[in-house]
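Residue numbers (the numbering used here), protein chains in the order written: chain A, 1 to 138; chain B, 1 to 138; chain C, 1 to 138; chain D, 1 to 138.
Simulated from the structure, these hints should not be mistaken for lab results. C-beta atoms are modelled at their ideal positions from N, C-alpha and C, and glycine is treated no differently. You may find that some hints are simply not true.
[Said to hold, decoys possible] If you only want the chain D side, here are some residues facing chain A, beta carbon under 8 Å, derived: (1) Lys37; (2) Ala38; (3) Met42; (4) Leu47; (5) Ile50.
[What the hints assert, rightly or not] Some but not every residue of chain B turned toward chain C, in silico, with C-beta under 10 Å: (6) Phe39; (7) Ser40; (8) Thr54.
Protein chains: 4
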Amino acid sequence: MITLHQARTLVAAAEAKADDLGIAVNIAILDGGGHLKAFSRMDGAVLGSIDVATRKATTAVLFNTRSEAIWEYCKPGAPAPGLELTNGGLAPFGGGIPLHDSRTNLVGAVGVSGGTVAQDVEIASAAVAAFIAKQETT
Amino acid sequence: MITLHQARTLVAAAEAKADDLGIAVNIAILDGGGHLKAFSRMDGAVLGSIDVATRKATTAVLFNTRSEAIWEYCKPGAPAPGLELTNGGLAPFGGGIPLHDSRTNLVGAVGVSGGTVAQDVEIASAAVAAFIAKQETT
Amino acid sequence: MITLHQARTLVAAAEAKADDLGIAVNIAILDGGGHLKAFSRMDGAVLGSIDVATRKATTAVLFNTRSEAIWEYCKPGAPAPGLELTNGGLAPFGGGIPLHDSRTNLVGAVGVSGGTVAQDVEIASAAVAAFIAKQETT
Amino acid sequence: MITLHQARTLVAAAEAKADDLGIAVNIAILDGGGHLKAFSRMDGAVLGSIDVATRKATTAVLFNTRSEAIWEYCKPGAPAPGLELTNGGLAPFGGGIPLHDSRTNLVGAVGVSGGTVAQDVEIASAAVAAFIAKQETT
Chain A
1 MITLHQARTL
11 VAAAEAKADD
21 LGIAVNIAIL
31 DGGGHLKAFS
41 RMDGAVLGSI
51 DVATRKATTA
61 VLFNTRSEAI
71 WEYCKPGAPA
81 PGLELTNGGL
91 APFGGGIPLH
101 DSRTNLVGAV
111 GVSGGTVAQD
121 VEIASAAVAA
131 FIAKQETT
Chain B
1 MITLHQARTL
11 VAAAEAKADD
21 LGIAVNIAIL
31 DGGGHLKAFS
41 RMDGAVLGSI
51 DVATRKATTA
61 VLFNTRSEAI
71 WEYCKPGAPA
81 PGLELTNGGL
91 APFGGGIPLH
101 DSRTNLVGAV
111 GVSGGTVAQD
121 VEIASAAVAA
131 FIAKQETT
Chain C
1 MITLHQARTL
11 VAAAEAKADD
21 LGIAVNIAIL
31 DGGGHLKAFS
41 RMDGAVLGSI
51 DVATRKATTA
61 VLFNTRSEAI
71 WEYCKPGAPA
81 PGLELTNGGL
91 APFGGGIPLH
101 DSRTNLVGAV
111 GVSGGTVAQD
121 VEIASAAVAA
131 FIAKQETT
Chain D
1 MITLHQARTL
11 VAAAEAKADD
21 LGIAVNIAIL
31 DGGGHLKAFS
41 RMDGAVLGSI
51 DVATRKATTA
61 VLFNTRSEAI
71 WEYCKPGAPA
81 PGLELTNGGL
91 APFGGGIPLH
101 DSRTNLVGAV
111 GVSGGTVAQD
121 VEIASAAVAA
131 FIAKQETT
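Bound conformation, chain A alone (with noise of 0.2 Å):
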């Protein structure tokens, strides 16, 4: 399971990648069972963004996937219509990130919103870059 000290190394790279970007978002780190285990929101950021940050992280574990592949299940002609609406409601485009241990084991996820959706993927991207090369470090 992820440790609260990852979980600020997870938060404190989102926050750095923001800022670079001048922008606020919302970050969510939740533990392998979908737990919420350490939460942030930048001064700025908008309140309808905390409940979508929570839900990417919660697809993320869910479906042990990055959070927009979801949408290739459930978009129009796709196999799995209304797929989203399951687990209380999924949050199926980018911003939602799994994270794996050294052996691949789901420990977590990060799910961050409040920017364009691509910068979301590129700020939980920067996050799950730092909690891997904290990882190989250890």
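Dock chains B, C and D against the given chain A, drawing on the hints supplied.
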């Protein structure tokens, strides 16, 4: 109504087919009132499929039809837009199949989720085939 | 995390004890994140016990304690009135027991409902005893 | 409104006090509208306290009072039985404290859960003391 013995026949056949396909799925067996009778999450099946498998089976019981048949009523241009939002949320795609006794009474449903929709349907169908085969020999 | 094989050991032991007592119960097995792993409703068990069994197990996972221990915090005169209303509703009475691995990590819980509370506790305890016995021999 | 910097001061002070007490807790910081600003689950804190910590803080914001004060309104014989069932469920016991700016405007709340109620109150109080100390020096 379905018995626990019958529910186990369904689960075992579903698991055997999933093993054949080399995938891990969630299998939910409901009775004719839509209440959970048996459930099995194979090791490695994603967490998000717990709800999806159960919801497919619920959809099958509620409308006494295969879950994907609901899509014909609520897809774009169909006469009942939003039908999938009723009953707490339906799963209008393949993997849920109703179960009937020898007099065609609805006695339950099986719901499978964790593979592609086509795989889920194949697994649920194998479960129903085993259920029917047992019925005919008794 | 708990395996499906372990979950079945728990279910089988619970059913055997319920048979001994001459009653029918619902048995829910959750993983350490509170997600359903296996479920069995014995023939004749009341429908209302499906939710109660699951909720007892959820209570045991969420607070890493036997479900009845929650009552000490929320009973009249206790320091946390209303605690039972949190987390979507707890079941602060006997029948939910957490499961730990050999290193005392929380790996899941069993919840039993359908008999008297004393019977439910006896059945859940028999399940846990079988779970531990298998652990020791492996 | 509370800033992320202030939220971190609160979280750090709460964690330091929890460390002193040798326990692990969940800490939720909300803004004056009851929306999540920051959250931290210390390693080892029980999962059920995520919701309890958040709910205590919500209770403190919603009624601009310490969470335990709600109990005086809804306890047996008090004039508002069932008040604890409003607003999606309150937590009418200690551990939630509202936060005010230097002009006594409500700007947020801290909620702590994971120890005994007395410990949770002690930790939340330490967080508020650190929040006020910073306010006075600025």
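message = Next item in the hint list is Phe39(B). Is there a CB on chain C closer than 10 Å to its CB?
response = holds, 4 Å
inquiry  = A closest beta-carbon separation below 8 Å is what the hint needs, so does Lys37(D) meet it against chain A?
reply    = Holds. Min distance 5 Å.
request  = Tell me if Ile50(D) is really an interface residue toward chain A, meaning its C-beta lies closer than 8 Å to one of theirs.
outcome  = Holds. Min distance 5 Å.
Chain C contact restraint on Thr54(B) - CB to CB distance below 10 Å = holds, 9 Å
query = Can we keep the Leu47(D) interface hint, with Cβ of chain A closer than 8 Å?
reply = holds, 5 Å
ask   = If you take the shortest Cβ to Cβ gap from Met42(D) to chain A, is it below 8 Å?
value = holds, 6 Å
task = Have a go at the Ala38(D) hint: is there a Cβ in chain A nearer than 8 Å to its own Cβ?
result = Where the cut-off is 8 Å and the nearest Cβ of chain A is about 6 Å from Ala38(D), the hint holds.
key: Ser40(B) as chain C interface residue, shortest Cβ-Cβ below 10 Å   = holds, 6 Å
Every hint, counting from the list given before, is met by this structure.
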